[in-house]
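Two chains, each in its own frame: build the complex with the hints.
Here's the letter readout for the chains.
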Amino acid sequence: MMLNIYDFYDKMERNNIMLSFKGDITSELLTSVLQIMESKLDNLQEEPKIKKKVYNVLVECLQNLYHHLDEVSTDQDEKIRSAIFMIGKIESQYNIITGNYIKNSSIEALKKRLEDINLLSKEELKEYYKLVLSNGEMSSKGGGGLGMIDIARKTGQKLNFNFSPVDDKYSFFSLNIKISQ
Amino acid sequence: MEKISIEGTPKTPTITFDTGKGFLEIKGRSIPENSIEFYKPLVDWLEKYSTKPQSITNVNIQLEYFNTSSSKCILDVFKKLEAINKGGSQVTINWYYEEDDEDMLEAGEDYQAIINVPFKMVQVAE
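Going down the list, the sequences are from chains A and B. Just so you know, we're using numbering that gives the first Met the number 0 here: the first sequence kicks off at 0 and counts up by one. Just so you know, we're using numbering that gives the first Met the number 0 here: the second sequence kicks off at 0 and counts up by one.
Hints listed in this document are in silico derivations from the structure and should not be mistaken for laboratory results. Keep in mind that a hint or two might mislead.
[Stated by the list, open to error] Here are the simulated EDC-like cross-link-like pairs (lysine to aspartate or glutamate), alpha carbons at most 16 angstroms apart as the crow flies:
hint: 1; chain 1: A; residue 1: 125; chain 2: B; residue 2: 109
hint: 2; chain 1: A; residue 1: 48; chain 2: B; residue 2: 125
hint: 3; chain 1: A; residue 1: 48; chain 2: B; residue 2: 100
hint: 4; chain 1: A; residue 1: 48; chain 2: B; residue 2: 109
hint: 5; chain 1: B; residue 1: 47; chain 2: B; residue 2: 17
hint: 6; chain 1: A; residue 1: 102; chain 2: A; residue 2: 167
hint: 7; chain 1: A; residue 1: 121; chain 2: B; residue 2: 105
hint: 8; chain 1: A; residue 1: 48; chain 2: B; residue 2: 63
hint: 9; chain 1: A; residue 1: 48; chain 2: B; residue 2: 98
hint: 10; chain 1: A; residue 1: 153; chain 2: A; residue 2: 107
hint: 11; chain 1: A; residue 1: 129; chain 2: B; residue 2: 109
hint: 12; chain 1: A; residue 1: 125; chain 2: B; residue 2: 81
hint: 13; chain 1: A; residue 1: 153; chain 2: B; residue 2: 17
hint: 14; chain 1: A; residue 1: 153; chain 2: B; residue 2: 125
hint: 15; chain 1: A; residue 1: 48; chain 2: B; residue 2: 17
hint: 16; chain 1: A; residue 1: 129; chain 2: B; residue 2: 102
hint: 17; chain 1: A; residue 1: 50; chain 2: B; residue 2: 98
hint: 18; chain 1: A; residue 1: 125; chain 2: B; residue 2: 108
hint: 19; chain 1: A; residue 1: 153; chain 2: B; residue 2: 109
hint: 20; chain 1: A; residue 1: 153; chain 2: B; residue 2: 75
hint: 21; chain 1: A; residue 1: 50; chain 2: B; residue 2: 100
hint: 22; chain 1: A; residue 1: 121; chain 2: B; residue 2: 109
hint: 23; chain 1: A; residue 1: 129; chain 2: B; residue 2: 75
Excised from the complex, chain B in its bound form (with noise of 0.2 angstroms):
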């Protein structure tokens, strides 16, 4: 099992994906104008990881900004989730925003309706 990691950079946020523990965090900014290029890596680690998953996954989302063209390779990342929950590892998506940030609640809101995988809106503070 190994441990990928890509560091951030104020458009692109660090992701750290343990595939030995099940754990894939994203934190920082979204907002590269390439978003697709930028999340590819990740899908593939995800595609390959979906086929010897661990009986738990734990996904941190902590983004302080995203564009809207992050948010669909978001759901691209979200839909490999949903699919390796349905293949037998437990899937916990944990959603962080700020307090008061109520437009990255609702991102997060709208995501939970859309994937069929159980997520946890977490409150931090500013």
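If we strip away everything but chain A, and leave its shape as in the complex, we get (with noise of 0.2 angstroms):
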């Protein structure tokens, strides 16, 4: 198959992407991107408020795929270890995609999460983040279940999230989240 590498850039170039990746998500590779990410942000001379929420967000963002990658790692198909993502900003507003394989069999409980945390108010996921970060069980990488709860309390908006079906064992999921100033 021949690439059209210009459809690409196009394409990029029209949804002002600033940065994409695909590939397997190390931990050098999330500390290399926040870097060249915060320097870009620097390059805008985004108001300190906005810069830190873009850079949060970034981060749990980027560290979810991470711990999401290490749970599946032990699975024999290489190609379910990659995954993408993007960063773009079009007009005052920042979008970072992400997505990953999931297992079919672990949908619906993302599912589940994702469309509670989307029922609740500002109000109510800061009560609910309270409430998992001192009953919660950390998992032994220290992952906890609070970045999902993090990301649509400290941009305001609900989860877009959506998942496409692969094969009969797996789906990819995408996850679409918004920070405005």
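Here it is, written out as structure tokens:
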């Protein structure tokens, strides 16, 4: 198959993509990406308040991917270790889009969790965060189910997600986070 | 009495713990993927300190960023401080936040609501 690279470029240009990556998500990669994004935010001379919000939400989105891939890494299939993310800015709104494979058997629980978060008001999210923080179980790596609550709380917007079926075992999960000023 | 410190990195904070002065400071960024591993030494030092604390213990938390993985570990640190406070050392947690950083102020208030130790919210200029 011949790839039309201009096609890619044009799509990214039109969506104002500042940075995108596809592949294995490692700790070193995240360190580099966060450094690049921080200097891009500095160059855009964003208000400190916006800069911090974008950076914080980006950390949670990328570490969600990292922890998720860590969980499925025992699987034999190499391709499911791969993920994608894009960060763009259209007018004054930042978009963080992530995509990763998920086992079909895990969809229902994740969907329920995200839908539950989307039902909560700002004040309820604050209470729910405190509840999970003080009572929640922590995984061995320190993920504790707080990431999505934190993203919803900091952006003040509903989590926008989708599951695209791939085969009888996997689907592709995408999350589209918007941060407006 | 000893002075213990951990040098900061782009993903982890600088930690200074002067047990002789009863002073603990966590400063910088706390966004490691594996925060349990990073905070374990501090939790252990606090455990040791709690057996023979100073009469007053001052704690400065001055974080620019912290991730949700760190938030649970910071809570564990505060729980140790709660026990030290109950055990007779007068503990104060000074929570620093930059002017305009409502998210950081709110995060401090979340801990204040959970932990039974006096908190001081300290605003600093950007």
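### Message
Would the hint linking residue 48 (chain A) and residue 63 (chain B) be met if the CA-CA limit is 16 angstroms?
### Response
holds, 11 angstroms
### Query
Hey, residue 153 (chain A) versus residue 107 (chain A), does the alpha-carbon distance stay inside 16 angstroms?
violated, 25 angstroms
### Message
What's the verdict on residue 48 (chain A) and residue 98 (chain B), does the C-alpha distance respect the 16 angstroms limit or exceed it?
### Response
Holds. Residue 48 (chain A) to residue 98 (chain B) sits at ~9 angstroms (cutoff 16 angstroms).
### Query
Can the restraint linking residue 153 (chain A) and residue 17 (chain B) be considered satisfied, given a maximum Cα separation of 16 angstroms?
violated, 35 angstroms
### Task
Starting from residue 48 (chain A), check that the Cα of residue 125 (chain B) is at most 16 angstroms away, please.
At roughly 10 angstroms apart (the allowed maximum being 16 angstroms), residue 125 (chain B) and residue 48 (chain A) satisfy the hint.
### Query
Hey, residue 121 (chain A) versus residue 109 (chain B), does the alpha-carbon distance stay inside 16 angstroms?
Holds - the C-alpha atoms of residue 109 (chain B) and residue 121 (chain A) are around 14 angstroms apart, at most 16 angstroms.
### Task
Would you mind confirming whether the straight-line C-alpha gap from residue 102 (chain A) to residue 167 (chain A) stays at or under 16 angstroms?
holds, 9 angstroms
### Query
Holds or violated: are the alpha carbons of residue 129 (chain A) and residue 75 (chain B) at most 16 angstroms from each other?
Between residue 129 (chain A) and residue 75 (chain B) the Cα gap is close to 14 angstroms, so the pair holds against 16 angstroms.
### Query
Given the proposed pairing of residue 50 (chain A) with residue 100 (chain B), does the C-alpha separation stay at or below 16 angstroms?
holds, 10 angstroms
### Query
Is the straight-line distance between the alpha-carbon of residue 153 (chain A) and that of residue 125 (chain B) 16 angstroms or less?
violated, 20 angstroms
### Task
Mind checking the alpha carbons of residue 129 (chain A) and residue 109 (chain B) for me, to see if they're no more than 16 angstroms apart?
holds, 6 angstroms
### Query
Does residue 48 (chain A) pair with residue 109 (chain B) here, judged by a C-alpha cut-off of 16 angstroms?
Distance ~19 angstroms between residue 48 (chain A) and residue 109 (chain B) Cα, so the pair is violated.
Figure legend: structure checked against the earlier numbered hints; hints not met, in rising order: 4, 10, 12, 13, 14, 15, 20.
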